[in-house]
Amino acid sequence: MSKRYGRTVALEELDLTVPAGEVFGFLGPNGAGKSTTIRLLLGLARPTAGRAWVSGVPALDVARAHRHLASVPADVALWPQLTGAETLDLLGSLGPGTDTAYRAELVERFALDPSRPARTYSSGNRQKVALVAAFATRAPLLVLDEPTSGLDPLMEQQFQHAVREARERGQTVFLSSHQLAEVEAVCDRVGILRAGRLVEVAEVSALRALHRTEVEAVFTGPAPALDGLPGVADVEVPGPGRLRFTLVGPPAAALRALAAAELDGLRVREPGLEEIFLGYYGSEPR
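Residue numbers (numbering that gives the first Met the number 0): 0 to 285.
Warning: the hint list may mix true and false statements.
Unchecked claim - Label-pair distances were calculated between CB atoms; the ranges are:
no., residue 1, residue 2, range
1, L81, R50, 32 to 42 Å
2, E202, S121, 33 to 43 Å
3, G123, A100, 48 to 58 Å
4, A180, W78, 27 to 37 Å
5, S121, W52, 31 to 41 Å
6, R63, R6, 30 to 40 Å
7, H210, G123, 20 to 30 Å
8, S54, V200, 15 to 25 Å
9, W52, A252, 14 to 24 Å
10, A110, D14, 34 to 44 Å
Since the hints were derived computationally from the structure, they do not count as laboratory data.
Glycine is no exception: its CB is placed at the ideal position from the N, C-alpha and C atoms.
Please model the complete structure; the sequences and the hints are all you need to start from.
Structure follows, in structure tokens:
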């Protein structure tokens, strides 16, 4: 499946199958084509070439395809005059059925006040409404586009718990995300999108290859010998008494070497996903 907007290639020959009952993570930096893929999957846009299916139904047959799915967009907009409870009832009437007891449980777990009108909700609370509505349905497929944007860490844990429950019920979850930790916590497999192309599909354990940590050390003793140590890469000496390196594996060897260097300071930084993708795949798609 491909999608072009004039001369701009948003998606190029995406060929992907997600089997029933799997939690599939869809990773990529901004502009990679994740949201375009989801719009095509939901029938909100037409592909330039190719097609998508939802449970054997063409995605462009929106009325039939949406009987098999529930979705959460990255930026949730609600009817401002309706309360949260009225919104949940309305959304529940549109899909393939809702487990109202489970929905009430999710309202409590996500700490949502359903009596308030939607115009008073923060972006995080609007996200909670959409998540509760989606997880409470019995749709075979849940399509979640950056679903935890605006949620605090405690609510992110509730989200992960709800995804695992959906998997236990046999539902398929298609999860687009920027967060490696979130995907690692809940997904079975991942697809990695870069500049509109699918560059890799792998088991979630393969994400460990993407992890790296930037470390800067300030020391007064002899410079630690880090070259050639396992898990250490890109060693630099920017000035006297300073050292930079990238940790790409277990930290034990690097920590032992640093401990002997009379450290005055240590700064550790986790790169953002965009930086990680540039480092792993380079500036152009592989």
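Here is how each hint holds up against the structure:
For the pair L81 and R50, the supplied restraint of 32 to 42 Å holds, since their beta-carbon distance comes to about 35 Å. Roughly 36 Å separates the CB atoms of E202 and S121, a value that falls within the hinted 33 to 43 Å. Judged by the Cβ atoms, the range 48 to 58 Å given for G123 and A100 is violated: they are separated by roughly 25 Å. Checked against the given bound of 27 to 37 Å, the beta carbons of A180 and W78, roughly 33 Å apart, stay inside it.
For the hinted restraint 31 to 41 Å between S121 and W52, the CB-CB distance of approximately 36 Å keeps it satisfied. At roughly 34 Å, the beta carbons of R63 and R6 sit within the given window of 30 to 40 Å. At roughly 28 Å, the beta carbons of H210 and G123 sit within the given window of 20 to 30 Å. Range check, S54 to V200: about 20 Å between beta-carbon atoms, so the 15 to 25 Å window is met.
Range check, W52 to A252: about 49 Å between beta-carbon atoms, so the 14 to 24 Å window is missed. The hint said 34 to 44 Å for the Cβ distance between A110 and D14, and at roughly 41 Å that hint holds.
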